[in-house]
Structure formats: structure tokens, C-alpha cells
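S.K.: Residues in the first sequence are numbered consecutively from 2, following our numbering.
Hints listed in this document are in silico derivations from the structure and should not be mistaken for laboratory results.
Ideal Cβ positions, reconstructed from N, Cα and C, are used throughout, including at glycine.
Hints should not be assumed to be uniformly reliable.
Stated by the list, open to error - Simulated pairs of lysine-lysine, DSSO-like, Cα-Cα distance not exceeding 27 Å: (1) LYS322 - LYS336; (2) LYS391 - LYS425; (3) LYS793 - LYS17; (4) LYS819 - LYS792; (5) LYS729 - LYS667; (6) LYS391 - LYS162; (7) LYS818 - LYS859; (8) LYS322 - LYS367; (9) LYS818 - LYS833; (10) LYS867 - LYS793; (11) LYS833 - LYS821; (12) LYS793 - LYS833; (13) LYS840 - LYS818; (14) LYS255 - LYS245; (15) LYS655 - LYS723; (16) LYS336 - LYS25; (17) LYS867 - LYS830; (18) LYS792 - LYS818; (19) LYS792 - LYS870; (20) LYS336 - LYS367; (21) LYS367 - LYS391.
What the hints assert, rightly or not - Label pairs and their in silico Cβ distance ranges: (22) GLU371 - ILE337: 44 to 50 Å; (23) LYS475 - LEU414: 49 to 55 Å; (24) GLU571 - ILE430: 18 to 24 Å; (25) GLU401 - ASN296: 44 to 50 Å; (26) LEU414 - ALA343: 30 to 36 Å; (27) ASP816 - GLU871: 20 to 26 Å; (28) GLU571 - THR20: 26 to 32 Å; (29) PRO433 - ALA343: 42 to 48 Å; (30) THR20 - LYS475: 48 to 54 Å.
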Amino acid sequence: MADIPRAYLPHEIEKKWYTFWMEKGYFHAAEKSDQPPFSIVIPPPNITGNLHIGHSLNNSLQDVLIRWRKLQGYNTLWMPGVDHAGIGTEIIMERKLADRGTSRDELGREKFIERMWNWKAETHATIREQLEQLGCSCDWERERFTMDEGLSRAVRTAFVKLYNNGLIYLSTNLTNWCPTCRTGISNLEVNPVEIDGHLYHIRYPIVGSDEFLEIATTRPETMFGDTAVAVHPEDERYQHLIGKIAILPILGRKLPVIGDDYVDREFGVGALKVTPAHDPNDYEIGHRHNLEQINIFNPDGTLNENVGQAYHGIDRFVCRKQLVEDLRERDYLIKILPHRHAVGHHERCNQIIEPYIAPQWYLNVKPMAERAIEAVRNGEIVFRPKREEKRFYQWMENIEPWPISRQRWWGHLLPMWHCQDCGKTTVAIDTPDRCHHCDSENLSQSEQVLDTWFSSALWPFSTMGWPDETALLKTFYPTAVLVTGWDILFFWVARMTMFGLQFMGEAPFRHVYLHALVADEHGQKQSKSKGNAIDPVPTMQEYGADGFRFALIFSNAPNPYIALGQSQIEAGRRFANKIWNASRFLLMNLEGFDSSVSIGDNLSLCDRWIRSRFNRTVNDVTVAFEEYRFSDAAHALYEFVWHEFCDWYIEIIKQRLYYTDNLNAKHTAQTVAAEILEGTMCLLHPMMPFITEEIWQQLPHQGESIVVTRWPDHDPALNDPKSEDAMKTIMSVIDSIRSIRGEMNVPPSSEIDVLIQAPDADIRELLANHLEEYLPAFTHFSRIFTAEHQKKPDAAAAAVIGDIVIYIPLEGLIDIKKEKARLHKRLDKVIKDLDSTQKTLNNSSFIERAPEAVVEQKRSRFGALKSEKEKLTTNLELLG
RNA sequence: GGGCGGGUAGCUCAGCUGGCUAGAGUGACGGCCUUACAAGCCGUAGGUCACAGGUUCGAACCCUGUCCCGCCUACCA
């Protein structure tokens with residue numbers, strides 16, 4: 002046993018056991034089983050590169066649930082996989098191409114996609130390796146990719162069904178256009194970012210007069226697309242201009258001056274230019290007034306032929322600068338004011354989006370959203386934390402049609418074929434030979450792809466074989482719980498809910514657990530550029546996967562963000578080390594131990610106590626897991642392992658393990674210690690899979706792995722409040738002795754006498770029976786005297802616990818001044834508490850209205866405080 | 001503009017279906033290499049629970065208002 006290392010060294014252990022688990026096939030779920038099913042589908046990581054710390058948290062939590070439920074006897078399935086992540090991945094690839102001096106356009110579609118597949122292979126392997134390192138018990142044999150054959154068929158099937166239901170339609174509206182990515186995107190993908198911009202005031206001459214109409218705009222370049230100028234119809238300043246014609250500066254186009262309620266008289270100068278093709282509000286105004294829409298941009302954000310020779314072909318922001326100069330020169334520019342406002346940015350490439358008219362395919366999600374709302378309202382789906390339901394409703398109730406087509410290359414092609422002959426569209430799951438309308442073979446498939454979230458929305462059932470009616474679906478759909486960050490509630494959770502209800506007729510999950518996002522130790526968002534990001538891989542290497550996982554789970558309070566820095570992770574590692582060393586100690590003392598020999602009824606008080614405490618911990622952890630209070634579960638175990646099992650139990654049984662000749666007593670201690678340690682390893686296993694397996698294997702055990710053992714049952718009958726109370730008394734006495742020694746600076750090696758005055762005969766007996774055995778673990782002492790009354794020795798320090806008084810004679814060591822100060826401090830606090838307790842008890846309303854138990858509690862507290870006050874006072878008097 | 005969450009120890013946060021002496025991790029200070037663990041052990045200090053009212057026998061917790069902070073959401077040019 003001496004070859005067990007002193008400090009926990011995770012590396013080899015982790016690798017060894019993961020390989021073992023895989024060889025045994027523990028993570029592979031049975032399609033059919035007598036056991037109840039419990040399934041989770043992973044939020045598929047994007048194939049954009051390495052996993053970040055958010056993934057570590059997300060997957061640690063899922064692994065906790067899966068491993069815990071497996072121990073409870075469920076047939077568990079954790080479905081793993083990765084997401085092609087559409088535009089996000091394309092952008093990564095474009096950057097890589099740029100580094101090599103080439104580009105997407107240069108490569109062409111086919112070659113580009115070929116590169117994407119290679120990149121996918123690379124990142125997919127990395128992601129899987131990192132999840133394995135973390136210890137994830139995924140059913141790897143079933144791993145899926147959103148663009149693999151089966152899932153692609155699911156995507157086409159879903160599309161065709163929706164299309165045939167009339168829910169998918171083509172519309173040429175204003176969309177959010179990303180000129181950098183050259184595609185339309187949905188509202189969700191647009192991040193409004195506050196920026197310091199400008200408000201440009203420009204004058205538009207009025208035909209047939211000397212007047213000008215001053216307007217204000219943040220985007221002067223869009224004036225090329227103006228088709229009107231608008232004022233408020235009741236604005237007395239401008240009423241007389243309504244119906245007249247204004248002249249567009251530079252281009253000289255004629256623009257009607259119109260009156261529209263939309264115009265805010267208070268803002269700017271109370272007049273605005275109307276650009277229906279490039280502003281959502283102007284688009285609406287345009288409709289109301291039958292205005293022409295003039296598109297002024299090319300798809301890449303350069304200005305098109307509608308803007309006149311001088312600006313044609315140049316970039317939108319270059320144009321803005323140039324145009325402002327020209328306006329200034331020609332005296333159209335009145336002023337430029339600083340103006341802070343929100344500007345939409347594409348969440349993927351972070352470039353400014355333009356409202357732009359382009360044909361897009363839309364999915365009418367309204368009817369699906371209604372069913373989804375209903376599913377949450379009637380409790381078919383339950384959100385944790387509950388507050389997330391509000392966000393869900395708010396978004397769902399105001400849902401807008403979802404633009405699902407993207408003018409990109411990487412993703413699922415729309416299953417649509419255009420007929421060159423009749424011009425009609427054929428929509429089909431499998432590539433059609435002929436046009437469904439005219440039978441022509443002259444078909445070409447749409448080149449657009451679907452929004453990446455379309456396939457994600459199918460994930461809970463597409464991964465299980467849908468549209469086929471597979472055994473897997475039958476067993477594991479709907480999934481038990483979806484575990485993900487709240488940041489993708491709308492992107493993903495909402496859409497999965499809608500699609501699950503639509504295609505499976507049943508919500509895809511019973512529970513949705515939305516966990517925190519990981520910030521740094523000061524609550525700042527982690528990011529590579531800020532340099533405060535914690536990279537999981539080196540972290541796991543340095544601290545071990547278990548310590549890392551524990552730190553994440555321990556910190557995962559029900560907050561929107563969790564602050565996680567180096568120190569939290571170090572605490573996780575220290576805990577793993579503590580477990581390791583406690584186990585190491587016990588294993589060293591288990592030599593010659595025969596676990597098959599049963600113990601009699603010679604349990605010591607501390608044995609009964611630790612069993613009771615363990616039993617309660619089983620309950621605490623189980624209930625916490627059931628309620629997704631992961632942090633509470635971690636805290637309960639941390640407290641039990643460190644501050645009860647290690648700090649007290651192990652210390653106390655050293656006496657029996659080392660020094661006693663009583664082999665029965667030793668055997669009992671070994672039995673209980675081994676039993677509690679094994680049980681604790683089970684409780685810890687979902688959070689810390691590796692170290693618990695390693696220790697469990699070395700302990701006396703039945704079965705081949707902790708992964709497939711049984712979760713301890715909580716048995717209320719095993720709670721032993723009597724032993725807990727008795728131990729509490731003993732622990733208080735020991736604490737008091739330690740406290741005196743500490744505060745009086747008694748050298749650890751010097752032996753002391755302990756005089757205890759205990760009026761209660763039961764307490765005297767309790768202390769007389771146990772203190773001799775328990776105290777040596779905590780302090781050096783020579784003799785203990787317990788009596789009904791004790792005469793205080795001259796030079797002694799005193800401590801009071803209720804009606805128990807402890808004297809420690811400290812001849813030559815005691816500092817009277819210090820001792821008096823110590824007692825005074827305690828006395829002050831006791832008096833304060835006593836006063837407030839008395840006040841409460843004197844209040845007749847309290848006696849009448851408060852529950853009996855609360856009153857009783859106060860009374861007994863009052864008694865204890867009173868007794869303590871008297872004893873402290875007496876002792877102070879004795880000190881003179 | 002609307003909505004949500006928060007303000008508790010130096011730091012990061014638990015506790016909030018009202019009722020033991022308000023806790024943890026981390027940091028600080030003092031003492032220990034005590035044969036499982038210095039990634040450890042022992043002791044100590046540190047809090048008007050943002051502020052002001054209200055409800056109640058009783059409020060960190062419930063209600064109202066105020067002041068800060070963060071987030072989500074929205075079409076103010």
C-alpha cells in the first residue's frame with residue numbers, strides 16, 4: 002500500500018478507466034430493456050474548433066445526470082453528435098483560406114465543400130477526444146452529425162412535410178442582409194450593438210419655392226434609395242409642405258412630401274427621408290403610400306447602378322464618407338451631430354447588417370408556436386429555473402415567420418428543383434427524375450441551403466432514426482431532459498419544441514434545464530481576446546478532469562452567470578486530493594481486513610453517527626439531483642466528505658485502527674469506514690467518475706465497475722438523531738478544548754488536564770464513555786475528570802457549553818488578561834442573544850401565535866443562554 | 001420603451017414556500033512539517049443582509065417606493 006502516491010495524479014488513472022469503460026460497453030444503451038428509459042441528446046458542439054469551458058460545464062452536468070440515473074437502474078442513453086454550424090463554420094474556413102492567400106470564391110463551391118468535410122473530420126475528432134477526456138459517458142456507437150446521410154434525409158423529409166402543409170413559402174421582403182456573408186439571416190442572428198454614430202442633417206430643396214426641408218439620418222448613403230420625404234401630418238411647421246415635391250440632393254430625383262403618423266415630431270427635426278428598400282419603418286411607410294422601392298446595394302454591400310456614376314461600385318462605408326463630403330461642398334449638409342444608437346451586427350461575422358430586399362423562403366411558425374406554448378402551459382414541458390418559462394412565452398407569443406433559406410454553401414440544400422421547361426418547382430425528399438408538373442427531366446436543384454438551426458430543431462428525433470419508426474425512438478423519445486445554456490433558448494430549445502410537437506406529436510423533452518454561462522472570477526465574460534478564458538484541455542491536464550468537473554458543478558449556482566477562475570478550479574483539485582488521501586489512509590489500514598466477517602452490535606457512537614450522516618447525505622444529494630440543484634449536491638458532498646468523514650470520523654477511528662488490542666473494535670471501524678467510503682464513492686461518481694472508480698476498485702466491492710453498481714438508497718429508518726445529538730455534544734466539548742488551546746497559545750506538544758462539570762447524568766456518562774477514546778485524535782492531554790461539580794483550579798481557562806463547564810488548568814501558561822477578554826467577549830454575545838430571546842418570550846402574541854415547536858425552541862435556547870451567562874459570570878468573578 | 005435578474009464577509013456567491021446563533025469557497029491574520037493529505041491541520045478576525053417605509057408575534061426572505069448594476073427584448077430616423 003505504500004506505493005499509493007501521496008498526491009493524487011489523475012492522468013494515467015483517467016485514461017485507464019475511460020478505456021476500460023469503453024471496452025465494457027457501459028455507455029451503450031439497449032434499444033429494448035425492462036429498465037425505465039432515461040435519455041438525453043447532447044447539444045451538439047459546432048465543428049468550429051476546440052471546446053470551450055461552457056461545453057465543459059454543459060457536458061459535465063449531462064454526464065452527472067446520465068451516470069446518476071444509470072446507477073439508479075435506468076436504461077440510459079446519452080446521444081452524442083456534432084453540428085455542421087452553417088455560416089459559423091464557413092467563416093472559420095474563410096479565415097483559414099485567407100491565411101493561405103486564397104478565398105471561397107477562388108476555390109469554388111465544390112472544392113470549398115470538400116475542404117469543409119476535411120475540416121469537419123479534424124474538429125470532430127478533437128471534440129470527441131475532449132469529451133472523452135472530460136469523462137463523458139456518451140453512447141459513442143450512436144454518434145451523429147447533422148449532415149450525415151440519415152439526418153439529411155430527416156431534414157428533407159421535414160422540409161417537404163412543412164412545404165406540403167403550406168407552411169413554407171417564398172416571399173420577397175425586407176430581410177436582414179449580411180453583405181460580408183452575402184446572405185439573408187433571421188432576426189435572432191442580428192445583435193444590436195450600441196455604437197457612437199452620427200446624425201446627419203441634410204436639406205432637401207422644395208420645388209417651386211426657396212424653402213428646404215431639413216431631415217436627419219444616420220445612414221446618409223441610403224438617400225439614393227429615397228422615394229419620399231415624410232413629416233407628421235399634424236406638424237404645423239411642415240403641414241404646408243405636404244403634397245409638394247422635394248428634390249433629392251445629388252441625384253435630383255423628385256420626391257413627394259408625405260404626411261405619416263410614424264414620424265416623431267420630437268426626434269431630430271421632425272422630418273425624415275423615406276427609403277422603403279433599406280429601412281423596416283420606411284418599408285412600412287412605403288406600403289402605406291404606394292412608394293417605389295429602389296434597391297441601391299449589390300449583395301456584397303457595394304453600391305449598385307441605381308446610385309449614379311460617381312458612387313457605383315464602391316463600398317457602402319466609403320460611399321458614406323464621400324457622399325457627406327459632396328453634400329458639404331454643395332451646401333446640402335447642415336450639420337453632423339454625434340448620435341449613440343443600436344446598430345444590428347451579424348452575430349457570426351460581427352459586421353453591420355443591411356435591411357435589403359431579397360427573396361427568401363420562410364417558415365410560418367405561428368401555428369407551431371401556439372402548440373409549443375400550450376405544451377409548456379399544461380406542464381408537458383417543465384423549465385428549470387422556472388423564470389426561463391417567461392422568456393419562452395414572451396418570444397413565442399411574438400414569434401415572426403422564420404426565414405430559413407441562406408445564400409451559402411455549407412449546409413443542407415433546399416430539397417427543391419426548378420424546372421427549366423415549365424418554370425415550376427418540384428419539392429421532394431429524394432432527387433426527382435422528372436418535374437412533377439410537366440414531366441420534364443430538365444431539373445436543377447436550388448443552390449440555397451437551410452439555416453443551420455433547421456436541422457438542429459430536428460435533433461431529438463432525427464438522431465434516433467426519424468423519419469423511420471425505429472425501436473430507438475420508441476424507447477427513448479421523448480427525452481427526459483434537455484440540458485443547455487439559456488443563451489440558445491430561442492435559437493434551439495424553442496424550435497426543437499415546435500418541431501418535436503409538429504413531427505412526433507409529442508414534446509421532445511419533459512424537462513428543460515437551462516444552466517449558467519461561465520464567466521471569469523470577476524463575472525466578466527470569458528473571451529480569448531480578453532485573455533481571461535480558461536481552456537479546458539490544459540486545465541484538465543493540470544488539475545485533473547474530476548477536480549475540474551467538481552469545480553464547475555460546485556460553482557453552478559442558479560445564476561445567469563457563474564464566476565469561475567483559477568482558485569475555484571484549484572479548490573476542485575484539492576477536494577480530489579482530499580478524497581484520494583482519505584482513501585489512501587483507509588486502504589493502508591484495511592490490510593488483513595475481511596469484509597465478509599459481519600460486525601456484531603458493538604458499533605461505537607461515532608459509527609452510528611457517520612452512518613446516520615451518510616444516510617442523510619444520500620437524501621440531500623438525491624433530492625438535489627432530482628431538482629437540478631447541482632451546486633447544492635456538490636456542497637452537501639464536500640461538507641460530508643471533508644468536514645464530517647475526514648475531520649471527525651477518520652480522526653476518531655485512528656484510535657481503534659492503530660492502538661487497540663481489541664480486534665473486534667478494529668474490525669468494526671474498518672467495516673464501517675469501508676462501507677461509508679464505498680457509498681461516498683457512489684454518491685460522488687456522477688460528478689467525479691475517474692477517481693471514484695479508481696478507489697472503488699481498490700475497496701472491497703461487488704461487481705466489475707462503479708459505473709454499473711447501485712445508487713445508495715435513502716432509508717429514513719437509518720437516521721439516528723440520538724447519536725447525532727450525542728456526537729454534537731462531544732464535538733462541542735472537543736471544539737472548546739481546541740479553541741482554548743489555540744487562543745491561549747498552548748504548544749501542541751504539551752499535555753493538559755481537562756476538567757468537565759456536567760450536571761446532567763446522561764451527559765456525564767456520555768462524556769465519560771467516549772472522551773477518553775475520541776479526544777486523543779484532536780489534542781494531547783493527560784487526564785480527563787468529569788463530575789457533577791468541579792471546583793475551578795486557580796490558573797485555568799474556562800469554556801461553557803450550555804450547562805457544561807470545561808476547565809483547562811494552565812499553570813504558567815495562562816494569561817489572565819487574555820482569558821478575561823476571551824470570556825468577556827463570549828459573555829457580551831450571550832447577553833445580547835439572551836436579551837433578544839427574552840424579549841421574544843415576553844411577547845404574549847408570540848406565545849399565542851407562533852407554532853409550538855418554535856416557542857419550545859426559543860425556551861430551550863433561553864435556558865441554555867441563561868445557564869451559560871451565569872457560568873461565564875462566575876468564572877469572570879473568579880479571575881478577579 | 002417594455003421585461004427579467006441581481007445588490008448578503010476583502011473577492012465570488014449560497015440562503016429568500018418568513019422562525020435555531022445569517023453560511024460556503026477563496027483571501028487575511030496567528031500557530032503547527034501531529035506517521036492519509038503543507039494541494040494539509042488547528043485557531044482567529046471580518047456582515048446595520050443597498051436605502052426608506054409597510055405587512056407580521058417575528059423579515060436577508062413578503063409588499064411599496066428610491067438608488068445602483070447586469071441581461072434579454074424593441075422599428076425612434
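S.K.: Determine whether the Cβ-Cβ distance between ASP816 and GLU871 falls within the hinted range of 20 to 26 Å.
M.R.: 24 Å, holds
S.K.: Is LYS336 within 27 Å of LYS367, Cα to Cα?
M.R.: Distance ~45 Å between LYS336 and LYS367 Cα, so the pair is violated.
S.K.: Does the alpha-carbon distance linking LYS793 and LYS833 stay inside the 27 Å limit?
M.R.: Within the cut-off at roughly 26 Å; holds.
S.K.: With a cut-off of 27 Å on the C-alpha distance, tell me whether LYS833 and LYS821 pass.
M.R.: 18 Å, holds
S.K.: Mind checking the alpha carbons of LYS792 and LYS818 for me, to see if they're no more than 27 Å apart?
M.R.: Holds. LYS792 to LYS818 sits at ~21 Å (cutoff 27 Å).
S.K.: Taking the beta carbons of GLU571 and ILE430, is their distance inside 18 to 24 Å?
M.R.: Taking Cβ atoms as reference, GLU571 and ILE430 lie about 54 Å apart, which means the hint is violated.
S.K.: Regarding the pair LYS729 and LYS667, is the alpha-carbon distance no greater than 27 Å?
M.R.: Measuring from Cα to Cα gives roughly 23 Å; hence the hint holds.
S.K.: Could one say that the CB atoms of LEU414 and ALA343 fall in the range 30 to 36 Å?
M.R.: 35 Å, holds
S.K.: Is the hinted range of 26 to 32 Å satisfied by the C-beta distance from GLU571 to THR20?
M.R.: 28 Å, holds
S.K.: Need the status of pair LYS655, LYS723: alpha-carbon distance at most 27 Å?
M.R.: Roughly 23 Å between the alpha carbons, so the hint for LYS655 and LYS723 holds.
S.K.: Keeping to a limit of 27 Å between CA atoms, is the pair of LYS391 and LYS162 held or broken?
M.R.: With a Cα-Cα distance of about 30 Å, the restraint between LYS391 and LYS162 is violated, given a limit of 27 Å.
S.K.: Verify the CB-CB distance for THR20 and LYS475 against the hinted window 48 to 54 Å.
M.R.: 32 Å, violated
In this structure, the hints that do not hold are numbers 2, 3, 6, 7, 8, 13, 16, 20, 23, 24, 25, 30, in rising order.
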